[in-house]
Every structure is written in structure tokens, then in C-alpha cells.
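Could you put together the complete structure from these sequences and hints?
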Amino acid sequence: SMKPVVNYKNRNEENNQPTEMSLLVGDMLDQMKSKFKAMGNSIMSRMDDMGNRMDELEISIGELMDQAGLAEAPTVPSSPKSE
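The numbering of the sequence shown is the working numbering, which starts it at 3 and goes up by one.
Everything labelled a hint here was simulated from the structure, so no lab data went into it. One should not assume that every hint holds.
What the hints assert, rightly or not - Between beta-carbon pairs, the in silico distance windows are: (1) Met41 x Ser62: 28 to 34 Å; (2) Leu59 x Ser24: 48 to 54 Å; (3) Gly64 x Asn43: 27 to 33 Å; (4) Thr21 x Met56: 51 to 57 Å; (5) Asp29 x Asp50: 30 to 36 Å; (6) Glu60 x Glu22: 53 to 59 Å; (7) Met34 x Arg55: 29 to 35 Å; (8) Met30 x Met67: 38 to 44 Å; (9) Met30 x Asp51: 28 to 34 Å; (10) Ser24 x Ile63: 55 to 61 Å; (11) Leu25 x Met46: 29 to 35 Å.
Claimed, not checked - Think about it this way: if two alpha-carbon atoms lie no more than 20 Å apart in a straight line, the pair counts; the simulated DMTMM-like pairs of lysine to aspartate or glutamate are: (12) Lys39 x Asp50; (13) Lys39 x Asp51; (14) Lys35 x Asp51.
Each residue gets a CB set at the ideal place from its N, CA and C atoms; glycine is no exception.
Spelled out as C-alpha cells, the structure:
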């Protein structure tokens, strides 16, 4: 009858270790999940910034083209006259 008691104790010890291990792994997974979420949010924010900058650049280029158009006619590639 001693052996079942020892086995029962051993089972409890074995069960505690996986529980502690699974808590550790769970914590690590939660930390990784929150880090990935933060990185994802950061990437999305940077992409939004880049999109806004591209919009501003497009507007600036349009304004410059308009100003150049007022100053001179658009240049059309032509063959050199010296030939």
C-alpha cells in the first residue's frame, strides 16, 4: 500500500511542473503577442505617415508642374537641329 501513495505524490509533483511550465510558456506567448501587436501598430502608423507624405509630395509636384507650365510650354523630345 506504500507504493500507491508514493506514486500519488510523484503524480502531484509531475503535475505541478507542467503547470508551472505552461504558465511560463503562456506568459512568454502573451508577451510575444503584445510585442507583435505593438510592432504591427507601429508599422501601420508608419505606413499612414508615408501615405500622407506621398500625398503632400504629389500635391507639391503638381504645383511645381503648374508653375513650370505657366513659365514655359511642356518640353517635347525632338531631334537635334544641328544634324
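How the hints compare with the structure:
1. Separation of methionine 41 from serine 62 is about 31 Å and conforms to the stated range, judged on CB atoms against 28 to 34 Å.
2. At about 51 Å, the beta-carbon gap between leucine 59 and serine 24 stays in the expected band of 48 to 54 Å.
3. About 32 Å separates the C-beta atoms of glycine 64 and asparagine 43, a value consistent with the hinted range of 27 to 33 Å.
4. Separation of threonine 21 from methionine 56 is about 52 Å and conforms to the stated range, judged on CB atoms against 51 to 57 Å.
5. Distance hint for aspartate 29 and aspartate 50: a CB-CB separation of about 32 Å, consistent with the stated range 30 to 36 Å.
6. A C-beta distance of roughly 57 Å is found between glutamate 60 and glutamate 22, which places it inside the suggested range of 53 to 59 Å.
7. Checked against the hint of 29 to 35 Å, the pair methionine 34 and arginine 55 passes, with Cβ atoms roughly 31 Å apart.
8. Take methionine 30 and methionine 67: their Cβ atoms lie about 54 Å apart, and the range 38 to 44 Å is violated.
9. Checked against the hint of 28 to 34 Å, the pair methionine 30 and aspartate 51 passes, with Cβ atoms roughly 31 Å apart.
10. Between serine 24 and isoleucine 63 the beta carbon distance is about 57 Å. The supplied range of 55 to 61 Å therefore holds.
11. For leucine 25 and methionine 46, the Cβ-Cβ distance of about 32 Å falls inside the hinted range of 29 to 35 Å, so the restraint holds.
12. Between lysine 39 and aspartate 50, the direct Cα distance comes to roughly 16 Å. Compliance with the 20 Å bound is thereby established for this hinted pair.
13. Using a Cα cut-off of 20 Å, the hinted pair lysine 39 and aspartate 51 holds, with the two alpha carbons roughly 18 Å apart.
14. Using a Cα cut-off of 20 Å, the hinted pair lysine 35 and aspartate 51 is violated, with the two alpha carbons roughly 24 Å apart.
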